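6 protein chains.
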Amino acid sequence: MIFVTRKAHFNAAHRLHNPKKSEEWNRETFGKCNYPNWHGHNYVIEVTVAGEADPDTGFVIDLGKLKGIIREKITEPCDHRNLNLDVPFMEGIMPTTENLAKAFYKELKEEVEAIAYDDSVLYSVKVFETERNIAEYCPYRMKE
Amino acid sequence: MIFVTRKAHFNAAHRLHNPKKSEEWNRETFGKCNYPNWHGHNYVIEVTVAGEADPDTGFVIDLGKLKGIIREKITEPCDHRNLNLDVPFMEGIMPTTENLAKAFYKELKEEVEAIAYDDSVLYSVKVFETERNIAEYCPYRMKE
Amino acid sequence: MIFVTRKAHFNAAHRLHNPKKSEEWNRETFGKCNYPNWHGHNYVIEVTVAGEADPDTGFVIDLGKLKGIIREKITEPCDHRNLNLDVPFMEGIMPTTENLAKAFYKELKEEVEAIAYDDSVLYSVKVFETERNIAEYCPYRMKE
Amino acid sequence: MIFVTRKAHFNAAHRLHNPKKSEEWNRETFGKCNYPNWHGHNYVIEVTVAGEADPDTGFVIDLGKLKGIIREKITEPCDHRNLNLDVPFMEGIMPTTENLAKAFYKELKEEVEAIAYDDSVLYSVKVFETERNIAEYCPYRMKE
Amino acid sequence: MIFVTRKAHFNAAHRLHNPKKSEEWNRETFGKCNYPNWHGHNYVIEVTVAGEADPDTGFVIDLGKLKGIIREKITEPCDHRNLNLDVPFMEGIMPTTENLAKAFYKELKEEVEAIAYDDSVLYSVKVFETERNIAEYCPYRMKE
Amino acid sequence: MIFVTRKAHFNAAHRLHNPKKSEEWNRETFGKCNYPNWHGHNYVIEVTVAGEADPDTGFVIDLGKLKGIIREKITEPCDHRNLNLDVPFMEGIMPTTENLAKAFYKELKEEVEAIAYDDSVLYSVKVFETERNIAEYCPYRMKE
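Chains as they are written, first to last, in the numbering used here: chain A, 1 to 144; chain B, 1 to 144; chain C, 1 to 144; chain D, 1 to 144; chain E, 1 to 144; chain F, 1 to 144.
Check the hints yourself; a few may be wrong.
Since copy identity is lost for identical chains, a pair holds within one copy or between any two.
[What the hints assert, rightly or not] SDA-like cross-link-like pairs, simulated, lysine to any residue; straight-line CA separation at most 25 angstroms:
id, residue 1, residue 2
1, K21, Y140
2, K65, N18
3, K73, S22
4, K20, V44
5, K65, E91
6, K32, K67
7, K32, E72
8, K109, L85
9, K7, K20
10, K7, D79
11, K73, N34
Worth flagging that the hints you see were computed from the coordinates, not collected in a lab.
Computed from a predicted structure; not experimentally measured.
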C-alpha cells in the first residue's frame with residue numbers, strides 16, 4: 001500500500017461561536033477564539049490518497065491533477081475568505097480544525113477517487129490551523 | 001557587535017482597504033486582500049537587539065524579559081484580534097506587513113532599550129505574514 | 001475518526017548509561033550519547049487524541065486544556081532539567097527517545113481521556129529528540 | 001508498539017519517461033517532469049521501524065547503525081546521481097516518488113530488520129520529493 | 001528603511017564543470033558536484049526590495065506583482081530545467097549558488113525597481129541550494 | 001558582494017552560572033537556565049563568508065571544505081559535550097548564545113579566511129539555541 005500526500009495552504013478568517021448557546025457559554029468555552037471581530041490563520045492542508053501505483057505512470061494519483069482539485073474545491077472557496085460567512089460547504093458548521101478536516105474530506109472524496117488509479121481511496125485530510133494545532137480526518141484508521 | 005533575536009507569533013484577522021480611496025481602486029489595488037469579510041494569518045515576528053554582551057551575564061538583553069515585553073506590547077493586543085478594528089496602536093494605519101513592522105518597532109523601542117545592556121539598540125523588527133511574504137523595519141541598515 | 005494533535009517543546013539534558021552494565025559495554029553501545037558530562041536537546045513532542053467531535057463545541061478535545069495538561073505533566077517537570085536526575089517519572093528508566101515517548105504516554109493518558117469528548121482515547125505520543133531522530137508510542141496502531 | 005524514525009536526505013536528478021509509450025503520451029502524461037534535459041530535487045526520506053524497545057539499551061533500533069545502513073544502501077548510491085541512469089536498484093523502474101519509496105523499502109528491509117530488536121519490522125519508508133509532494137510505502141497499514 | 005521579501009522555489013538539474021579546465025581538475029575541485037549525469041535541487045529563492053512604503057497602499061512593492069515578475073524571469077525559465085543547458089541567462093556561467101544569486105539579481109533588477117515605490121531598490125537575492133548551502137548577492141551591504 | 005552561508009548543528013548540555021556572583025544572584029538572573037543539573041539544546045549554527053566568487057570555480061569558498069573546518073573547530077569539540085566543562089575554547093566563558101557566537105567566530109576566522117577566495121572575510125556566525133532564541137556575532141555590520 002502506498003500513501004501519496006499533497007500539501008496546500010490558504011489564509012482565512014474565522015471565529016468559534018455556537019449560535020444555539022448563550023454568549024456566556026461561548027465566551028467560557030472558546031475563550032479568545034470567540035472574540036467578536038474574527039481572527040485568522042495560515043491554514044496548511046495535507047491530502048493523502050492510498051492505493052497501488054499505476055504501472056504505466058508510476059503514480060497512485062497524478063499530483064498535478066490532485067493539486068488542481070484541491071485548488072478548485074478547497075483553496076479557491078476558502079482563500080482570503082471568512083470561514084463562518086463565505087464558504088458554502090461550511091454553512092451551519094463551526095469552523096474548528098476538526099470540522100474543517102471532515103468537511104474538506106467530503107468535498108474532495110468523489111473527484112479525487114475518480115482520477116486515482118484503480119481502487120485507490122482518499123485516505124485522510126489533515127489540517128494545520130497553526131504549527132501546534134492539528135486535526136486529521138481519516139475514516140480508514142481505527143482506534144481499535 | 002552582537003545581534004540577538006527573539007521570535008514570537010500571534011494569529012489575527014485583517015483586510016487591506018484605504019478608506020480615502022474608491023471601492024474600485026481598493027478592489028484593483030488589493031485584490032483578494034480587500035475581500036470585505038476579512039481573512040487572517042499566523043503572524044511570526046522576529047525582534048532583534050544589537051549591542052555588546054554584559055560581562056556579568058553574557059547577555060545583550062535578557063531574552064526572558066524581552067519575551068515579556070513582546071507579549072505585553074504586541075502579542076497581547078494583537079492575538080486573536082482584528083488588526084483593523086481592535087488594536088489601538090494600529091488605528092488609522094493600514095495593516096500591511098510593512099506598516100505592522102514599523103508600528104511594532106515603535107511600540108517596542110523604548111522599553112526594549114531600557115533593559116538592554118549599555119547602549120544597545122532595537123535594531124529591527126521582522127514580520128512574516130506568511131512564510132513567503134515578509135517585511136522588516138530596520139532604521140540602522142541603509143540602502144547605500 | 002478524527003485525530004487531534006497538539007505540539008509542545010522543552011529543553012533538557014540527558015545521558016544514555018545502563019548502570020547494570022560495565023563502563024565498556026556502555027561506551028560501546030551508546031558512543032557519544034554515553035559521554036559522562038551530559039548533553040542535551042530541544043525536545044519536541046506531539047500528543048494525539050483520537051475520537052469524534054463534540055457536536056456542541058466541534059472539539060475532540062479542548063486544545064487549550066490539553067496544552068495545560070501537557071505543561072503540568074510533561075513540560076514543567078522536564079524543561080531545563082536533567083532527564084536522568086530530576087524527573088520523578090523517569091526514575092530508573094534510561095531516557096532514550098523510545099522510553100520518553102512511552103513514559104509521557106503513561107503520564108498523560110488518564111487526565112487527557114478525562115477531558116476528551118465521549119470515548120476518545122490518547123492515541124499516541126511522538127517525541128523528536130532532534131529533527132532526524134524520532135520515536136512514537138502508539139498502543140492502537142498494530143504492526144500486523 | 002513503538003515507531004522509531006530516522007530522517008536522511010540526498011540530492012539527485014531524474015526525469016519521468018516511460019520508454020514503452022510514445023513521446024506524445026509522455027509529454028501529455030508527465031508535463032514538465034518529462035523535459036528531456038532532466039531536473040532534480042533535494043530528496044528527504046524517513047525510515048520507520050516498529051517494535052518493542054530492548055530493555056538493556058532502551059532502543060527499538062540503534063539509530064547510529066540505522067543511519068549507516070541508510071547511507072550505504074540509499075544515500076551513497078543516489079546522492080548527486082541521476083536516478084534514471086546511475087542507480088542499480090532503480091534500473092527499469094520509473095523514478096516517481098511512489099516507486100522510490102517502494103524500492104528503498106526493499107533495499108533496506110533485510111539489513112534493518114537484522115539489527116532491530118527482537119521481531120521489530122521495517123514499518124515504512126516515506127519520500128519527500130518536495131515539501132509538497134510525498135509518498136510513503138507501508139505494507140502494514142491497510143486501507144480497510 | 002523597510003525590507004520586503006518574497007520567497008519562491010523551483011526544481012532543477014545542474015552540474016559543476018569548468019570546460020576551460022581538465023577533467024582531473026574538475027573532479028578534484030567539484031567532487032560529487034562534477035558527476036557527469038547531473039544531479040538536482042529544490043531551489044528556494046528570497047528576493048528583497050528596500051525602500052519606503054507608499055502612503056496610499058502601505059506597500060514598498062505589490063507582492064502579487066513581484067511574485068509575477070519572479071515567475072516570469074526566474075521560475076518559468078528554470079523550473080524542471082537543466083541550469084547548464086536550458087536557461088538562456090546562465091549561458092557560459094557555471095551554476096554555482098553564488099553565480100545563480102548574481103544572475104537572478106541582474107535578471108530581476110530593472111523590472112522590480114520599475115514597479116517598486118519611489119526610489120526603492122532591489123536589495124538582494126538569496127538562493128538556497130539546500131537548507132545548508134546558501135548564497136546571497138547584495139550590492140548594498142559592504143564588508144567594511 | 002556575495003554572502004555564502006553554511007549551516008551545521010550539534011547537541012550539547014550547558015548551564016548559566018557566573019561563579020563570581022552569589023547563588024542568589026545567579027538564581028534571580030538566570031532563572032531556569034541556572035538549574036544545577038544542566039539542561040541542553042540542539043544548537044544550529046550558520047557561518048557566513050563575504051567576498052567575490054573565484055572565476056575558475058564560481059565559489060566564494062568551497063562549501064565542502066568550510067563544512068570540514070566547522071566540523072573540526074566547532075562540531076567535534078562541542079557535540080554531545082557539556083559546554084561549561086568539556087570545551088577548551090569556552091573555558092572561563094559563560095555559554096550564553098551571545099558568547100558562543102563570538103567564540104565560534106574567533107575559532108573559525110583564520111582557517112576560514114585562509115581557504116576563501118581572494119580577500120573574502122568571515123562575515124558572521126549565527127547561533128540558534130532554540131528556534132526562538134538566536135544570537136549573531138558580526139564585526140562588519142555596524143549599528144550606525
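Now the hints, each set against the structure:
{"no.": "1", "hint": "K21 x Y140", "result": "neither (33 angstroms within a copy, 35 angstroms between copies)"}
{"no.": "2", "hint": "K65 x N18", "result": "between (37 angstroms within a copy, 19 angstroms between copies)"}
{"no.": "3", "hint": "K73 x S22", "result": "neither (33 angstroms within a copy, 32 angstroms between copies)"}
{"no.": "4", "hint": "K20 x V44", "result": "neither (29 angstroms within a copy, 35 angstroms between copies)"}
{"no.": "5", "hint": "K65 x E91", "result": "neither (27 angstroms within a copy, 27 angstroms between copies)"}
{"no.": "6", "hint": "K32 x K67", "result": "between (33 angstroms within a copy, 15 angstroms between copies)"}
{"no.": "7", "hint": "K32 x E72", "result": "between (31 angstroms within a copy, 16 angstroms between copies)"}
{"no.": "8", "hint": "K109 x L85", "result": "within (24 angstroms within a copy, 37 angstroms between copies)"}
{"no.": "9", "hint": "K7 x K20", "result": "neither (35 angstroms within a copy, 31 angstroms between copies)"}
{"no.": "10", "hint": "K7 x D79", "result": "both (15 angstroms within a copy, 19 angstroms between copies)"}
{"no.": "11", "hint": "K73 x N34", "result": "between (27 angstroms within a copy, 22 angstroms between copies)"}
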